[in-house]
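Enquirer: For the protein sequence lines, the chains are E and D, in the order given. For the first sequence, my numbering begins at 1008 and goes up steadily by one. For the second sequence, my numbering begins at 7 and goes up steadily by one.
Bear in mind the hints are in silico, worked out from the structure with no lab data behind them. Even glycine gets a Cβ: it sits at the ideal position worked out from N, Cα and C. It cannot be assumed that every hint is accurate.
Unchecked claim - Stretch-level coverage of chain E by chain D, calculated; a stretch enters the list once three of its residues show a Cβ under 8 Å from a Cβ in chain D:
id: 1; segment: 1020–1027
id: 2; segment: 1043–1049
id: 3; segment: 1157–1171
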Amino acid sequence: MIRWENQIHYLRDYVILFLLLVVSLVLLNSNSNPQIRWLHAASVGLLGTFQKSLTFYEKYTHLERENEHLRERLARLSFENSLMKEAYLNNIHLKKMLGFKKRARAHLVVAQVAGKSSLGFARAILIDVGTASGVAEKMPVVTDQGLVGKIALAGPHTSVVQLITDLNFRASAMIQRSRVVGIFAPSGAGKFFLKDVPIQADVQPGDVVVTSGYSDSFPKGIRIGVVTRVTEKKNGLLKTIEVNPSVKPQDVEDVFIVMKSRTK
Amino acid sequence: MTTLGYLLVFLLFLVTQTVFVPFIEIAGVRPDVLLIFLAIFGMKRERIVGTVSGFGIGLIQDLFTAGFLGANALVKTLTGFLVQPFSSEKSRETAVGFGWRFFWLAFLHDLLLSWIFAWGNTISVWFFLVRFVVPGAVYSTVAALIVFAVLPGSFFSSDD
């Protein structure tokens, strides 16, 4: 009788373990579910509010606002300049289409970093704007220097930004000079690469890497960084291109969300 | 120690993990103080208590961090289940004994968690062992030893 009780006791532990593992796996599989994302965004937002209350730079509101305004202007000009350069290079490539003039303008929303989050390979920051300001998931996040990341979760008043340093971050990118396209990705060891570039492609150290505009998330022409090293393996098919990002995401305090890019 | 006492200590650990731990990050590596709580809480209790606590703690941690929801719940459920074999039979725990056992628990925990986050990435096992798993486990162990020195001995003894 006691033996049976022991066996039931022993089995109970395994049954509970099995059930909880199943629940965890279901949760892991439901990360794209809107309700789950809303709950996650709301709880991270709650933390962001708490973290923000601990920061003391809010005392300097006047200076902060002025600084914010100037930075926003600088970022907008820098972004527009980048897009204009893109438009100029496009025009060279599309000589037969003279008369078609494309100009892009970006609508930027300023945000402050309210907190930082990292877990294993995940790298993210919390910012103090959310869906109430028009922010939505997958929107690019930039500074006047270049790409910081993209919105991973958007709550009402806070959002989570997946940084370019996050191991699962990917962006379709290209060499601005030669229009060679690849995938920008971090290595996890503090290095960044432009992947999937064929060995015969024209890439030199010093080339500027920008977003290609081939994905839903990033409009064309946002500066990512500069090529620092190009190596080729003997009998290899692809180049190894190391990129030095223009922005150190862990150091940013203010960022801008690129709301939309309109052409006219 | 009463349930309310444990709940208060847990809240203290939770605030520390989510608000203060980001400030002591070294090269992308942070200690997991909620794992320390789970280890201390689970080592002297029934296996089922450790398992359920692991799930609850992991789920709360998932909700307040920007990773995948469910990743910590999964890993901490397993850690909570495995925590008992890492407990000491001795009535009086020593810092070295506790630190040694905790290191291996943290190593297993970080290995599983990194594996989930690195899923689908072509990264060598050695790379993420050396870059994240071992440093993370060492950092958590150092933090666990500080907790061991600070918390009263009753916290480390069985309530049974």
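Enquirer: Please list, smallest to largest, the hint numbers that this structure does not respect.
Expert: none
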